[in-house]
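Visitor: Here are the chains, one letter per residue:
Number of protein chains: 2
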Amino acid sequence: MKTIGVFDSGFGGLTVLRELLALVPDARYVYLGDTARLPYGSKSRETIARYAVSSARFLAEQGAELLVIACNTATALALDEIRAAMSIPIVGVVEPGAQACLAAASKSAAGVAGSHVLVLATAATTRSGAYSRTLNALGLRATEKACPLLVPLVEEGWLDQKVHTAVTLEVLRIYLLEALEQAPDANVLLLGCTHYPLLQPLLETTLKNLHHPMHIIDSAEATAREVAGLVPGGRSQAIAGSADRVFYATDSIEKFQRLGSAFLREPLPPVKLIDLGG
Amino acid sequence: MKTIGVFDSGFGGLTVLRELLALVPDARYVYLGDTARLPYGSKSRETIARYAVSSARFLAEQGAELLVIACNTATALALDEIRAAMSIPIVGVVEPGAQACLAAASKSAAGVAGSHVLVLATAATTRSGAYSRTLNALGLRATEKACPLLVPLVEEGWLDQKVHTAVTLEVLRIYLLEALEQAPDANVLLLGCTHYPLLQPLLETTLKNLHHPMHIIDSAEATAREVAGLVPGGRSQAIAGSADRVFYATDSIEKFQRLGSAFLREPLPPVKLIDLGG
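Quick note, the sequences are listed as chains A and B, same order. Heads up: the first sequence begins at 1273 in the working numbering, then just goes up one per residue. Heads up: the second sequence begins at 1273 in the working numbering, then just goes up one per residue.
These aren't lab readings, by the way, just hints derived from the structure by calculation.
Chain copies aren't distinguished; within one or between two, either way the pair holds.
Only pairs whose alpha carbons sit at most 30 Å apart, straight line, appear in this in silico DSSO-like list of lysine-lysine:
| hint | residue 1 | residue 2 |
| --- | --- | --- |
| 1 | K1527 | K1544 |
| 2 | K1417 | K1434 |
| 3 | K1480 | K1434 |
| 4 | K1434 | K1527 |
| 5 | K1274 | K1544 |
| 6 | K1527 | K1417 |
Based on the provided sequences and hints, a complete structural model is requested.
Guide: Given below as structure tokens:
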């Protein structure tokens, strides 16, 4: 049974793990949330690369034979550095997300040439331009929009109660209106941050209210499909149990434990605290 | 001329420095924003103490003879550790803020015994209970309210344009309504985070809309008054120039530089990047 390492700056990457557990259930999983040093989204490329490489090394030491960078910011800014530092296969979230956009665009009425992808992401991810470069290379037009308030809103859980969703819907409306001013013909919406899948129902409501339907692409799902293609063999008889899932965090175990199950959509086993320095 | 070190996890402490420059202008200032490791508000006591002590040591190496911990979270969770590790006087923001509440309460119609202080702060600060302990020791009742969305809203600058302030006002209304349910007789409001002074006009509007007037206390101002009492002598003839203000950050110079002047309310000289590890 293959051991797959999954890395994120926090627990957002659990939305990627959730898709992996569904598509590649017969594997061991070691998850690391670098919670002592999050958020990566507001930090520089050098700092993010340093953090990500030390986290990748830790997961390889735990036996990971394949590593999923389940963090858009770390993928966008440090994928090359991580690949250079490691000798195991590394899968990021940007390329699979872009490929899923291409598939959606080619099936759309506008076709690939007429499609325009709107990428919602953190400030650091949009600043890197990684999604635009990757999407452009596939023949797709792209506009990136930084949405710094969305991660705090998701982490506060302002997603359910009416008084809270009113705020979250208004923030989404403001961001989408600003973005659609730049990209009025956008027809594909890429969720370029692992926190955003939790916002999908509210995003759908917002797009409906704006009378601007778009095809929503979740990088997490696309990434899990890429990993499924890399892990040899189909599902074995012996499906991995919860003992084959180990969770590490560098800090804030309490918050990880509390919010993690909302991202994973199942109870989280006890999270182990480790110190990567810093 | 005395050298005063001012430390915060980011640029929020610049609201404290602003008050210091007004009250103690004839001093050299060395400011450190530990931006590579922010936010402290969501991290554990151990991690915060480790970060704060290494930052304090750096400022002492730069010649600081007095150190201001211009960060509520670092003061609430690590003041004892910083004092134990350093041989220079250390001023935090919690005790001065609490003292200012006492002064306001004693002048209020309710008096000290009838007053009730509502403390707005980060999750880590409220979890520490430092403000409640300090206020209770002064004979004041206190209720603390964690407001995790306020720092992101301030950092995004959602404070001016109408479409943005509508969101910020609604978030403030939700937080204050929740807090006043716990403390319906609160008559003093303490801004327990260095970002919050930038919200003061919107807070005043919210309190007015809720028909619940309160005396707003800013820890930054109270802290500067305490420092003024500790620095011997009045204002010298030679007022320090901008050459006597040095700014360091551990990352995100760009953001520090961009937002810093809004907090300091004057242009910021170039910020120097340093590496404290991690």
